[in-house]
Amino acid sequence: MSSLLARFAENSFWIARYVERAENLARIIDVTETFARDEHGESDWTPVLRLHHDEESFTARYGKVDAANVARYYIIDEQNPNSIRYSIRAARENARSIRHLISLETWTQLNVFYNWIAGLTRRNLKLGDLSRLCAEIKEGCQLHYGIAAGTLYRDQLWSFYRLGTFIELCDQTTRLVDIKYHALLPRATDVGTAIDVAQWNALLRSASAYHGYRRVYPQEMTPATVAGFILLDPRFARSIPHCVREIRNSVTGLLGNAELKHLSFAPKALDELGELAGWDVDKVIDYGLHEYVDRVQLRLIELGEAIADTFFLARYSAA
Amino acid sequence: MVAKNSELFSDYDSGGYYCEMFGAPAGRPPAHTDKIRKRLGRLKAATLKRRASATDRELFNLGITFTVYSEKDAIDRVLPFDVIPRIISAADWKIVESGCIQRVTAINKFIQDVYHKQKILKDGIVPTELVTGNPNYRREMHGIDLPFGTYVTVAGIDLVRDTDGRFKVLEDNARTPSGVSYVVENRHLMQRAFPDLTEKIGIRQVSNYGMKLREALAEIAPPGVKKPRIVLLSPGVFNSAYFEHVFLAREMGVPLVEGRDLIVDGGYVQMKTTGGLLQVDVIYRRIDDKFLDPVQFNPESMLGVRGLFEVYATGRVALANAIGTGVADDKALYAYMPRIIRYYLSEDAILDNVETHLCREPEGLAYTLANMNELVVKPVGESGGYGVVVGPRATKAEIAEARARIEANPANYISQTMVGLSVSPTLVGNRIEPRHVDLRPYIITGRKSWVLPGGLTRVALRKGSLVVNSSQGGGTKDTWVLE
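As they're listed, the protein sequences go chains A and B.
Its first residue numbered 1062, the first sequence is counted upward by one per residue in my numbering.
Its first residue numbered 10, the second sequence is counted upward by one per residue in my numbering.
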């Protein structure tokens, strides 16, 4: 049977997005925790809240913005739709709906992974253990990708999965740089100190970008080169141009299917993303990093809507 | 004292019941089980047990589970599988097969009559009230003509073998009978885990069920449709039989859909795919009539498709089973089946009913109340073995409670003589012990009827229990029909 139910395509798309979301949140928490080890203390957790527009709901439920509360909120709080636990649960529920279309290992791993997260308590979130915990969460997500990439049948379902992966990854990369960039703008006293360099390292490492960065920039390290590398180097696996290229490949792959050939899918948002992916870092800084990131994120939202409209038949809502 | 090659069965005692392996209590074991008895006899119970636990693991890993609902919770369980097969001789099967086809043929003719001229009611063979008062009677089906007059595309007829060795019908299932997935999966399990038992015995295959069902569904498609598009409509992942829906969809090679994937557009049922809307011609629906269409039936149903009935009534989509087949699998109507067979086919029933008394009739009520200790009382509306009281096994309190229920609503109850269900050797711990079994063959009808050779043998795992339903602690066995 070669046609794919719109609902299943959507399930596949969202499994990828939710797991990617969870992994990136683990990275953000990890890098924030690293910065918080230095003297800046509690105030460093606020950007994470701001990122998700969570300041109000967090304060209402937890009050004090400290490492313990933020970690709880973003890792194990099942009522927070932005938490890792929530994301992995959502991924699993999407997988449940297409259990008959994915490999047994893909389902099993997600199930086991979720049960592990659901079993975490405050005791597991002590500041000293947080980095190790984030690494484990990341690994769980990466195990998922490995299994999916190694076992999923390469038909439409796979293409939607890849679309979900790279749309989310692109979005999350911009967030990672955005919240850290301004935190990283040096105070006069910090420039060139051990703290300064340590924080750039931390950002690069949280993005798994350090080894690639050092190949391109063996000696320098400035806000511009680091941000530029992460956002715009086409060979970096999490960059905007890399994601856009993968998104384009997935769209081409999709439209190559016999039952989708008749569709037209050439959203403007994708063209604009392609254009934005080609900027150099100086242009971005002149324009304003935050404004640039905003534009990218908006185009990604529009792209998601175009996909939902064309392929998920969003216009035929339930009666 | 015990012959070496029957160590496994050395102290097996069928307790006076007919045994599927050893035959009548007083006689010699039947020839058709010779081979398997010899092969099993070579195994020690411990070996059998070890190999059996491997099949349990496999069931769990494959996710062949079902959901048991009770008052407290819903738990996913693996349906217990017993590795000692239940074997049916070719001669016995001939009777079962022809009896089932006869029964399903009569049922289809009955339903067609009920929704057209109602001759059987006018001739007083079946009380009109029994049909028109049945909540599953669908007035809106009147006058709708279906291809080949086939209403029941998939039927499950529950049979039991009595102490005299003859199969009798316990119950007809004409709406959404389930369990066939276990039939096929059990066979695959046995072939993988016990190739030494299954090879060169000449067992009729069951793997083509999906293909046969698909063919029948294509046959009942709206006339004129060249390559009918078939789907399986399921209530979704949280339904207790979901595993079977997945299984069947895969075996038939058809999409597994839910109500929300379908939409009525342009006068036809359409399926929402990534490439747009695709017309659907045949729906194998595993959803009760009530929930199929919120416009026509229960308006609060979220499982169905708005406007589906209208498309169905105008013949632009086929449904299997048809709407309104519940008039035929009512436990009270069951008592009239021998007469229904005679009425439409001018034949005697090949498979007898179990002697049944209807409490809606004064004589039946009087007889039932006077003999509660010897009878099995069943509510007409329930399924899954719930509400059944087995007189000879019940406590005084249970019988008193049942009596009160019957007196309060006699029309809702029937009683039957307790059938001495046949037993089958079953692995219990480290021993082989007899456990009661039943048999549910599956009959597919498109243009013609076809019976899957075998069917689901359900086994009551609790010692002495006669209740075989999965929802109440039953298990299954592989069923072998010999060539």
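Think of the hints as simulated: they come from the structure by calculation, not from any bench.
Please note that the accuracy of each hint is not assured.
[What the hints assert, rightly or not] In the DSS-like style, the derived pairs of lysine-lysine whose C-alpha atoms are separated by at most 25 Å in a straight line are:
id, chain 1, residue 1, chain 2, residue 2
1, B, K103, B, K209
2, B, K472, B, K128
3, A, K1322, B, K235
4, B, K236, A, K1322
5, B, K405, B, K103
6, B, K53, B, K209
[Unchecked claim] Looking from chain A toward chain B, a few residues come up when the C-beta cut is under 10 Å (computed):
id, residue
7, L1065
8, A1067
9, R1068
10, T1212
11, Y1214
12, F1221
13, E1307
14, S1311
15, G1314
16, L1315
17, N1318
18, L1321
19, H1323
20, T1371
21, F1372
22, Y1377
We put the CB at the ideal spot given by N, CA and C, even for glycine.
Here is how each hint holds up against the structure:
no., hint, result
1, B:K103 - B:K209, "21 Å, holds"
2, B:K472 - B:K128, "47 Å, violated"
3, A:K1322 - B:K235, "23 Å, holds"
4, B:K236 - A:K1322, "21 Å, holds"
5, B:K405 - B:K103, "42 Å, violated"
6, B:K53 - B:K209, "22 Å, holds"
7, L1065, "5 Å, holds"
8, A1067, "4 Å, holds"
9, R1068, "6 Å, holds"
10, T1212, "16 Å, violated"
11, Y1214, "13 Å, violated"
12, F1221, "8 Å, holds"
13, E1307, "19 Å, violated"
14, S1311, "13 Å, violated"
15, G1314, "13 Å, violated"
16, L1315, "8 Å, holds"
17, N1318, "8 Å, holds"
18, L1321, "5 Å, holds"
19, H1323, "7 Å, holds"
20, T1371, "8 Å, holds"
21, F1372, "5 Å, holds"
22, Y1377, "6 Å, holds"
Violated hints, listed in ascending order, are 2, 5, 10, 11, 13, 14 and 15; each of the other numbered hints is respected by the structure.
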